[in-house]
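Here is what each chain is made of, one letter per residue.
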Amino acid sequence: MKLRKGPNVIEAEKGKSYLQLVWRKFKRSRTAIGGGIVIVIISILSIFAPFFSPYDYLDYQPHQSFRPPQRIHFFDHNGKFHWRLFVYNLKLEMDPETYSRIYEEDISRRFPIRLLVRGWKYNLFGISSNLHFFGVEEGGAIHLLGTDIYGRDLLGRIFLGGRVSLSIALFGAIVTVIIGSIMGAVSGYFSGLVDMVIQRAIEIIQSFPQLPLWMVLSAALPKTWSSLDVFIAMIAIFSLLNWPLLAREVRGKVLSYREQDFVMAIKEMGGSDARIIFRHLIPNCLSHIMVVLTLSIPELILMESVLSFLGLGIQPPMVSWGVLLQRAQKIETLGQHPWITLPGFFIIITVLGFNFLGDGLRDAADPYSVRRT
Amino acid sequence: MIDYIIRRLLAIIPVLIAISIISFIVIQLPPGDYMTAVKGQMQSLGGLTEDEAEKVAQELRKIYGLDKPLVVQYLLWIKGIITKGSFGFSFQYRKDVGQVIWVRLGLTMLIALSCHFVSTAVGLLIGIYCATRQYSLGDNFATLLAFAGLSIPSFFFALVIMYTLTVGFGVEAGGLFSQYYVLAPWSWAKFVDFLKHFWVPVLIVGFAGTARNMRVMRGNLLDVLNSQYVLTARSKGLKERIVIYKHAVVNALHPIIMYQGMVLPFMIQGEIAASIVLNLPTGGPMFYDALVAQDMYLAGSFLMLLSVVLVIGNLAADILLAWVDPRIRYK
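Chains U and F, in that order, are what the protein sequence lines are. Its first residue numbered 13, the first sequence is counted upward by one per residue in the working numbering. Its first residue numbered 8, the second sequence is counted upward by one per residue in the working numbering.
Bound conformation, chain U alone:
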């Protein structure tokens, strides 16, 4: 019986390279492209955080505590239309009945939003500057996402937190992938005692529920450590507990390659075991490894956010999205200042982006298949 051939198999016979086929299949998935774009945007916003933040995110302004997000207007209070978007200043009032602090718009003066304005001084990659993407002129204030308890601009702090949340997940995923692919390849290639030891280790690590074990290990980090130490330790913990999944998959692939002619040929030519593993077996699993890398980043972002939210992860003054959400734990605070949950939406959007991207990559990584799911 003749097997059905997918269109890509025919293309491959015409001499298109693997990468060309992957790209062809990948770009057909609109969600994957969209996910990729979202990630690029959020990464740029985080890397150039000071440029995109109109105010210094470390600057304490206690008199501006918990300002709600400002509304952006096209129409002023008379209903007159203005081409340039503008905001009104907020002035602090006292509720006559409850005596609670409320902010109200001061409609006496409009503050148009200007692009590329001069503001607070910052230092980025050795270049010091005071140029900012947007802002308002002197006398006005613009906090598009409101401020936190110390009056710091939430938008800027979200960009700043993105640096830590993204980089911890990225590094964590990279280290995971390195350990996982080496362990998997070694385990599959050598079999015997080595294989058994690694497989038992995987079995034991996987028999623990992840979150509680991560909570235990993070809680074990000494309180005296600096934020940076904790950051590095968390990457170590993440990768220590996360590698088994990839190792299992790589092992399966290596087992199927091990008996193939090309491995035999290298052996006959005198290639060492290390050469076979690192130059031939692992590169053959690379597409698979890339997919796992992309899909473990969102998981690490989620995990980091839970741990930091519970106060067991990243420690202030370092800021991550999870840390920013800590204040929302108290329903009293959350009820009156709902905008402090906004970092959570950045978590969701980023994780969603990575999931879409990873999903598209997984489908594309095997361009010879006809399966469409």
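Derived by calculation from the structure, the hints in this document are not laboratory data. Zero decoy hints are in this set.
Covered stretches of chain U (in silico footprint by chain F; criterion: 3 or more residues with CB under 8 angstroms from a CB of chain F, positions within the stretch not fixed): (1) 213–224; (2) 227–241; (3) 346–354.
Heads up, the beta-carbon is just placed ideally off N, CA and C, and yes, glycines get one too.
Chain U is already provided as a structure; the job is to place chain F on it using the hints.
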């Protein structure tokens, strides 16, 4: 079949031993112990000097056996569990760990398993619906929702629900009982009150689980629907309903069963995160407090029992799979 079960049962014994050792060791990792905190307390509140407080702490360590070498402590702990069913002493609650842990672990498992069954049932149905109508509006919508389910952290979902319930509807959120019923004996009214609170964590945790199950089911069923025996069944002139439910769905179920063992940890994880936010009287908040206070036997026992539950869950999934699919038994 019985052979297979016995083989699997024997194989988990070393795993259980390893789990107990690791649980015990990781709990010991933080510098200091509960008595260090007690010492600090006596210095600041009791007005003892450093030396006096240290002396008392040492005395307490002796009483609770914390001065012995780690190996001896571990063996004593295990001996207590096996011979007396006692998991050690909880310093925080000043009770035997067993008295604290079982109710809370039970509630955690009750929530996790409820989510498990709800999300499996709902996930399967949505998965079947989507796979049979691939790329339709409903399928795209469900797929999008599934991605959302995978991407929303459960603690954050819990925050949003809590905010909506409190501010939007003026209902009290959090806890599993209203204040009036917390200490009341079980009655019909208490049960109704319990259900009124119970759906919140089930919704939060079940959402993510449903998403996972639905994606797995949809993928499998699509694969099966492309296979040739389905084509045969169709060309025989069978009704579409019979093709799908009698030929395709039954064969797409195997990976779902295998997946059940893997989904349970997600449920427990989600329950722990959500219950800390909602402050439910389950294992999550207890575990968190025990970790912060270094109440080591409580935290260690909880970690160990959770892992044991997972091992048993995996075993059950494997046995179920072997029962459904004879190829596995004879491997």
